[in-house]
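Colleague: Below, each chain spelled out in residue letters.
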Amino acid sequence: MMFWVIQTLNGISFGMLLFLLASGLSLIYGLMKILNLTHGSFYLLGGYIGLAVVHLTGSLLLAVLVGSLSIALLGALMERFLLRRFHLQELPQTLLTFGFLFIFSDLAIVIWGGNPQTMPKPAMFSESVQFGAFFYPSYRLFIIGFGFAIAGLLWWMQEGTRVGAMLRAGVDDEETARALGINVSLLFTMVFALGAFLAALGGVMGGPIMGVYPGADFEVMLLGFVVVIIGGLGSLKGALAGGLIVGLLDNFGKVFFPEFALFTIFAPMALILAVRPAGLFGRE
Amino acid sequence: MRSLIAVTVALAAFGTLAKPAFSQEPIKIGVMFPYTGPISAQGRPERDAIKQAFDEENNTIAGRKIELLYEDSTGRPDTGLTKIKALVERDKVHLLLSELVSSIGAAVAPYVNEQKMPWISTVALASLTRAQKSPYIFRFVPSSYQYATTAAEVAKKMGWKKVYFIGWNAPPSRESYEAVKKVFGEENVVDAMFPNVGTSDYAPYLTKMDTSKADGVFTAMWGADAPRIVQQYVEYGLNKKMPLFGIASFTSEELLGDMPAASVGVLSAYTYCGTLDTAENKKFVEGYQSRYKAVPGSYQYMGYMAAKMVIQAIKDINGKVEDREAFIAALGKVKVKGPMGETSFDEQHGMVADFYVLTVEKGSNGQLQNRCGERIPQVKDPYASFP
Chain A
1 MMFWVIQTLN GISFGMLLFL LASGLSLIYG LMKILNLTHG SFYLLGGYIG LAVVHLTGSL
61 LLAVLVGSLS IALLGALMER FLLRRFHLQE LPQTLLTFGF LFIFSDLAIV IWGGNPQTMP
121 KPAMFSESVQ FGAFFYPSYR LFIIGFGFAI AGLLWWMQEG TRVGAMLRAG VDDEETARAL
181 GINVSLLFTM VFALGAFLAA LGGVMGGPIM GVYPGADFEV MLLGFVVVII GGLGSLKGAL
241 AGGLIVGLLD NFGKVFFPEF ALFTIFAPMA LILAVRPAGL FGRE
Chain B
1 MRSLIAVTVA LAAFGTLAKP AFSQEPIKIG VMFPYTGPIS AQGRPERDAI KQAFDEENNT
61 IAGRKIELLY EDSTGRPDTG LTKIKALVER DKVHLLLSEL VSSIGAAVAP YVNEQKMPWI
121 STVALASLTR AQKSPYIFRF VPSSYQYATT AAEVAKKMGW KKVYFIGWNA PPSRESYEAV
181 KKVFGEENVV DAMFPNVGTS DYAPYLTKMD TSKADGVFTA MWGADAPRIV QQYVEYGLNK
241 KMPLFGIASF TSEELLGDMP AASVGVLSAY TYCGTLDTAE NKKFVEGYQS RYKAVPGSYQ
301 YMGYMAAKMV IQAIKDINGK VEDREAFIAA LGKVKVKGPM GETSFDEQHG MVADFYVLTV
361 EKGSNGQLQN RCGERIPQVK DPYASFP
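Sequence lines, in order, name chains A and B. The numbering used here puts the last residue of the first sequence at 284; the count rises by one with no breaks. The numbering used here puts the last residue of the second sequence at 387; the count rises by one with no breaks.
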């Protein structure tokens, strides 16, 4: 019994990191129709910057703030000065973000070297919690709580605030929103920055579990896309559900079919694409 | 006066004759390792240790200058083979002292055999001295069967009966698994897991181990993955339940810095133990530290000793490396007493060396280090069990 509980917790904690990544991907696509391939880089760079801050100051809190805010700024600059030029031109946008993925990937190797690194955990989470005969790392429990808190916050922002209402208006009908006097162009920059912020947050928070290493950008982005495909592009609910589903599938896949670990993620994805091409919560 | 001139001329003539005819030309050695990419943390230090060994000879052996030519394999077989071809065909090296990555070793082996190019590698691939064996290929590192059999036998002697195995989904780990099964019997290996190289999250595997009721866990994964799994092993409290036995260089000195303090007690059995108290080891460790400001581990040791073997063989043939047949015959017979004892090659050109049982402990300076336990003398590749 405890075995199942622990394995489920493993899956949920990984799912939460995927949610942080996928929610930004989904928000950006929902509003701007940009398939942002640089998202993996935001995750990786956030992790590296966070790591540098931890080494400098020893504070994970500071690492989270500096890491994710600096990447948010990077995202805002990218949107304002580059992506804006190709508004609603899918191919140039995709190629541009794909190019940046490679540039950032190599840049990270130049700056931080090729060796995989691990982010130290904050001292308060260094202990493990005991469940019956099992020990469970408290940091993972914290990640689960943190992920749900972020999900709640995003939900409230989208449904309960004026900015959220503007955002939803922009998603539904950009032209009418503009005609009503909503500053959609500012909204674009804000949402892109928010997406980058969330990805970098995932990179820093995931550092103590996943480590920060060259190639992580491509790896997590692949999983991020699977999450978005399962959950549905443009839907926050979908990102949360998709993140949890992929996290759990990945975990139990490794436990029961270790030889087919990737199959257990991609087979359900193919199934969902066949039955519901827009994803679980996506709109046609 | 005339006789003085005659003597002078004679001496001068003798002087030029006494030197080998090719003495002006340096001996060129191709040194290719992964200097970038995921295995650069092992490749660069190994190259540095090779350089140290030649520096100790003032880069001159049997009157000939030594020239080391570096190439970066990046850890990929296609790149590695291209660079080896460049060293052999463009740079015309006399011999290769290169590589540690299995997949590159497998790709390079047929080429060097065809070129009759002497190649001393530190690639643990068992096939290099089996299916791919060649008079020109020397494997100066224990094969996967060799180190895993030794590790399994040590654990069995310690009283382990039921064991759990986790290793990379890669040839050296699969071969290690075969060796563990052979020593313990298949029915006593409770379960085996093969995550991919570079897996960052071991949570599902660790929770499964926890329910397995094994006496201990063997791990066959190296480099940056080693500290990562130990870290998580400790977080899941498994170190309080089952001892962890790392196969081969799992607790290599350069990795200990990244391991958590709770790694104390992690076991392994391998050919290098950093704290061994011999004059040769002291010279090696201090030499490396003064040059590169880091503690050398098993990769550095392997590179350093492989270079020493080559140096001795060049001395034995008086520097005439152009005669490749003479060189490989000499290298096959070389015995060198190094930091860990005597090393040599067996009849199939695999490494023969002393193994030590290692336990991670906290040193007097507070840093983790390996405690050297029992010495297992002159371990050979078990060709009979694994043909």
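For the record, the hints were derived by calculation from the structure and aren't laboratory data. Note that the Cβ used here is the ideal one computed from N, Cα and C, for glycine as well. Any given hint might turn out to be false.
[Claimed, not checked] Facing chain B, from chain A, some residues (calculated, C-beta under 7 Å):
| # | residue |
| --- | --- |
| 1 | I6 |
| 2 | Q7 |
| 3 | N115 |
| 4 | G211 |
| 5 | K254 |
[Said to hold, decoys possible] Here are some, though not all, of the chain A residues that point toward chain B, as calculated from beta-carbon distances under 8 Å:
| # | residue |
| --- | --- |
| 6 | F14 |
| 7 | L65 |
| 8 | S70 |
| 9 | F134 |
| 10 | F135 |
| 11 | P258 |
[As the list claims (entries may be wrong)] Label pairs and their computed distance ranges (CB to CB):
| # | chain 1 | residue 1 | chain 2 | residue 2 | range |
| --- | --- | --- | --- | --- | --- |
| 12 | A | L56 | B | D91 | 35 to 45 Å |
| 13 | B | N169 | A | D106 | 21 to 31 Å |
| 14 | A | P268 | B | E178 | 25 to 35 Å |
| 15 | B | D91 | A | L77 | 38 to 48 Å |
| 16 | A | E259 | B | N188 | 52 to 62 Å |
| 17 | A | L271 | B | K161 | 55 to 65 Å |
| 18 | A | T57 | B | N365 | 19 to 29 Å |
| 19 | B | K335 | A | L62 | 54 to 64 Å |
| 20 | B | N365 | A | L56 | 16 to 26 Å |
| 21 | A | V5 | B | N169 | 21 to 31 Å |
| 22 | B | N188 | A | F102 | 44 to 54 Å |
| 23 | A | L107 | B | Q289 | 30 to 40 Å |
| 24 | A | R85 | B | E178 | 52 to 62 Å |
Colleague: Verify the interface restraint on A:K254: the C-beta must sit less than 7 Å from at least one C-beta of chain B.
Modeller: holds, 4 Å
Colleague: Let me know if the C-beta of A:Q7 comes in closer than 7 Å to any C-beta of chain B, holds or violated.
Modeller: Holds: closest Cβ of chain B sits about 5 Å from A:Q7, inside 7 Å.
Colleague: Grab the minimum C-beta distance from A:S70 to chain B and call the hint holds if it beats 8 Å, violated otherwise.
Modeller: violated, 23 Å
Colleague: Does the interface hint hold: is A:F14 within less than 8 Å of chain B, judged Cβ to Cβ?
Modeller: At about 6 Å, which falls below the 8 Å cut-off, the nearest Cβ of chain B leaves the hint on A:F14 intact, so it holds.
Colleague: Determine whether the Cβ-Cβ distance between A:P268 and B:E178 falls within the hinted range of 25 to 35 Å.
Modeller: holds, 34 Å
Colleague: Against chain B, is A:F135 within 8 Å by beta-carbon distance?
Modeller: holds, 3 Å
Colleague: Identify whether the interface hint at A:L65 stands, where standing means a beta carbon of chain B within less than 8 Å of its own.
Modeller: With a minimum Cβ separation of about 24 Å from chain B (threshold 8 Å), the hint on A:L65 is violated.
Colleague: Range hint 55 to 65 Å: satisfied by the CB atoms of A:L271 and B:K161?
Modeller: violated, 44 Å
Colleague: Verify the CB-CB distance for A:R85 and B:E178 against the hinted window 52 to 62 Å.
Modeller: holds, 58 Å
Colleague: With a cut-off of 7 Å on the beta carbons, see whether A:I6 makes it to chain B.
Modeller: holds, 5 Å
Colleague: Answer holds if the nearest beta-carbon of chain B is closer than 8 Å to that of A:F134; otherwise answer violated.
Modeller: It holds, given that the least Cβ distance between A:F134 and chain B is near 6 Å, below 8 Å.
Colleague: Would you check whether A:N115 satisfies its interface hint, that is, whether its CB is within less than 7 Å of any CB in chain B?
Modeller: Hint on A:N115: holds, closest Cβ of chain B at ~5 Å, below 7 Å.
Comparing the model with each numbered hint stated earlier shows that hints 7, 8, 16, 17 do not hold.
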